[in-house]
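Respectively, the protein sequence lines represent chains U and L.
Sequential numbering from 3 applies to the first sequence in our numbering.
Sequential numbering from 3 applies to the second sequence in our numbering.
There may be inaccurate statements among the hints.
Note that the list lumps identical chains together, so a pair holds whenever it fits in one copy or between two copies.
Derived DSSO-like pairs: lysine-lysine, alpha-carbon spacing no greater than 30 Å straight-line [said to hold, decoys possible]:
| # | residue 1 | residue 2 |
| --- | --- | --- |
| 1 | K150 | K68 |
| 2 | K221 | K469 |
| 3 | K205 | K221 |
| 4 | K429 | K39 |
| 5 | K226 | K206 |
| 6 | K248 | K205 |
| 7 | K206 | K146 |
| 8 | K118 | K336 |
| 9 | K248 | K508 |
| 10 | K226 | K205 |
| 11 | K326 | K118 |
| 12 | K150 | K102 |
Keep in mind the hints are simulated off the structure, nothing from the lab.
2 protein chains.
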Amino acid sequence: MTNQSRRQFLSRGALLGAATAAAAVSGPAFSGEMPQKWDETTGLLIIGTGFAGCAAALEAHYLGAKKGDIMLVDKMPTPGGNSIINGGVVAAAGTDMQKKDGIKDSADLMYNDMLKSGGGLSHPALARRIADESVANYEWLRDKVGVKFKAVVYHGGHSVKRSHATMNNSGSGFVLPMLEKLKEFGIEPRLRVIVDQIIMNDKKEVVGVKARTGYRFGKENSGKVVYIRATKGVLIAAGGFSQNVKFRMSQDPRLNEKFTSTNHRGATGEMIMEAQEIGANTVQMDWIQLGPWTSPDEQGFGVAPLFVESTVGYGPMIDPETGKRFIKETGNRKVRADAIVAIGHPCLIYTCEANVMGEIVGRNMTEKLFDHAMKTNVVRKFATLKEMADFYKIPYDQLEKTNNTFNEYMKAKNDPDFGCQFFDNSKPNVEGPFYVVRLWPRVHHCMGGLEINDNAQVLSVRGEPIKGLYAAGEATGGVHGMVRLGSVAVADCMIFGRIAARHMMKN
Amino acid sequence: MTNQSRRQFLSRGALLGAATAAAAVSGPAFSGEMPQKWDETTGLLIIGTGFAGCAAALEAHYLGAKKGDIMLVDKMPTPGGNSIINGGVVAAAGTDMQKKDGIKDSADLMYNDMLKSGGGLSHPALARRIADESVANYEWLRDKVGVKFKAVVYHGGHSVKRSHATMNNSGSGFVLPMLEKLKEFGIEPRLRVIVDQIIMNDKKEVVGVKARTGYRFGKENSGKVVYIRATKGVLIAAGGFSQNVKFRMSQDPRLNEKFTSTNHRGATGEMIMEAQEIGANTVQMDWIQLGPWTSPDEQGFGVAPLFVESTVGYGPMIDPETGKRFIKETGNRKVRADAIVAIGHPCLIYTCEANVMGEIVGRNMTEKLFDHAMKTNVVRKFATLKEMADFYKIPYDQLEKTNNTFNEYMKAKNDPDFGCQFFDNSKPNVEGPFYVVRLWPRVHHCMGGLEINDNAQVLSVRGEPIKGLYAAGEATGGVHGMVRLGSVAVADCMIFGRIAARHMMKN
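Next comes chain U alone, as it looks inside the complex (with noise of 0.2 Å):
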């Protein structure tokens, strides 16, 4: 309604003769621009094109929806969101893959993990849902996306390997192929286009939103405005909030806008505020992850955490002005950032090239990336400690005598200062070369979000579903409470998607 028609409505006394003896409810009681007519119809009206908006108009897809009854809309002018440039693994727990590496695994055991990163905060019921349809969800992956596994790989916080590479190291590898499906279904994203208000009627349904095609990220007030009306529901699959400095910086005042983020220039969480705007509850929105295993030494996520997250638990993590560890190298990701970050200056990271091949490249990291690392000297090679130490100013004889220790807790396989967990393939550091990288973190994953309940659905402040919305992935709370772990949001966007259309082809 705009303010014109409210002006001449409110000045209709006459109509508004029930407002006084109106029960007392609560609750907005009206919210978006109703239009005269809408300019288009769907179904399902999927905002954002990434892990979870992909996989639940694939999933509609295979439910029987109509190719005119699935809409994916983008704001940005190609699709994929942050998940296009993600480092490309997600947690399952018990796949054919493990087993074959001899992994034990089970949902309970990756359950567990969840909970325990998440510090209490996790919401059970969501943590739950992720665990046991992981297994379910690697195999829609393989078998219905066609996408291709390389390695299973380990992730700090976790109890054991459960991160399930794609070939190419990255989120494109999932997010191609479902554009490739979505393609050969007749489902192609609308890019440009962005929503600004969500329409409810007036039972308090969601049932379209008001939007602009060509819009252009960055210039505000580009685009025209249509109203898109959504008869099966609309799933918000935008994504986080790492890029609003303004918005992050309420929950959290120390992100100001000298910490740079990983993720791509859309991630604006404008969609969490324009949920809020008509009663969404959000949960938990001050837990925003810095990623531990960004190097100052590149832009974006990089390519360092690639080497990073596989060289935990091979080599020591030293701060480079005492050359002492200070922290347990297998951390969660919380952990591991918030020591950095109380050392105040970039930590190294190094491992010997017996570790680095046999267990970095060519498993988490294809040969072209750490050429590419190696060329842009986010990977440094020396071929003794005493070269390394020249070069980074770390006092030798520390660093010599930090080195020795980590090999012998390495060879017990027992860390008695900081917990560090070993692997049976790891070997000590005892002949160079040597690889390194230094780590300074960068604002990575929004933690909280709108809260949802197993159904995906959006929960208003007052605890209840608001008909017609959902939501998945970074854009919602609750499923990993304090700590992420790596891989699982991966996991968390794919199978609430695919949850969120699963209930909303029941609308």
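We have chain U already, so just place chain L on it with the hints.
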């Protein structure tokens, strides 16, 4: 607008012609039901009669508001909210009372303590306001309100003693003089008035509320609907949501119905939700403080906290199963509460009679309350450590060892194990009798809440002030960050209640 009238309206398509031509705007288009006529009109509508609400009403009076221009409402049958059962200490940094006790303090020191305990989440501008105005607020309480202060006491996490205690060790020592003053000025709280909706006009300004008079707490449909117009603004001073199990569990799923609360039963947070429903932002909602000093041997806030907060630094906190210390006794509330929850059963804190009679009874705790605590066995007395060990089944050898070590640390004023802070007048625990309290945490304070700026204006999810809407005290978030220091919230309530009144008086 009622659903009925809206339906009538929406059927009138002709009126809606302007809708599709509207500029792209965001935000809730309309909230609350605009009444045909207002039943009552006031200047400042203040919701809540605790520290924040009473302070705002008094400040408005002192700034020249006429008595008909100040309306103070409360949903409960008695005034004072949770404040009236509070511990009765207000933080102030640099007062005459501190100087008399030889305590060196400053606004900067208090600000730094607040930011440190806030763990980086405190909104600096809000913390700064409190630290800067703390002495003026203390003097206002003393000189304008007539509050009588007894002593300056220590609360964990502060650098120095700066918690100014009322004569009766209760928040009623603040609230009752405030209510008396208000009565003197002809301003009496209207009780059993619950606010159901905040009403905005078409310019998105808050212009009043829909409420019910004659409401009976617990009878959710009771009372008669009234529309109250507020020409200068609406202040939400209605407290937190510690008693709302569903709402608090959405943020922290651990805090189920098995956790009791120190709060009065009306601390159910509806006003926060109602502000959310018109697009207000909430921040840091998952930081819900557990009080580490409540005893399982009594209900609610109880008397144990008065004893405990003066015993920290004077005696050890031990795990009865091991007889060992496990945490820094003078650590902040979160550190202590988490440590007790982690051991999984109640712990003990004790000190000798010389400390109890010198430092606790008659200072932080009246003799009457101490007698009550002894009679109800909240505090127990044992002639010797051996008797105490036998009663609680503590391994005696270890208890003796722990006690001797703690005494050595007290003498050296240095605790290498946990960093406990000691005071000049503390006496080693050598001679009995010993006084003991059992401790188990209880839900105590919601650090998160509505986002405000330093004029106490509520901010929208877009980060803009919502014109006409203010909030102060526990209903707001950002002041305390992760951990609230004892007695700072009382200052927060009063200072931001008064700031809100000052800003409303300019409207």
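Do the hints match the structure? See the list:
no.: 1; hint: K150 with K68; in the structure: within (28 Å within a copy, 75 Å between copies)
no.: 2; hint: K221 with K469; in the structure: between (32 Å within a copy, 27 Å between copies)
no.: 3; hint: K205 with K221; in the structure: between (35 Å within a copy, 25 Å between copies)
no.: 4; hint: K429 with K39; in the structure: neither (68 Å within a copy, 80 Å between copies)
no.: 5; hint: K226 with K206; in the structure: both (26 Å within a copy, 24 Å between copies)
no.: 6; hint: K248 with K205; in the structure: between (33 Å within a copy, 24 Å between copies)
no.: 7; hint: K206 with K146; in the structure: neither (36 Å within a copy, 49 Å between copies)
no.: 8; hint: K118 with K336; in the structure: both (13 Å within a copy, 18 Å between copies)
no.: 9; hint: K248 with K508; in the structure: between (38 Å within a copy, 27 Å between copies)
no.: 10; hint: K226 with K205; in the structure: both (28 Å within a copy, 24 Å between copies)
no.: 11; hint: K326 with K118; in the structure: both (28 Å within a copy, 26 Å between copies)
no.: 12; hint: K150 with K102; in the structure: within (16 Å within a copy, 75 Å between copies)
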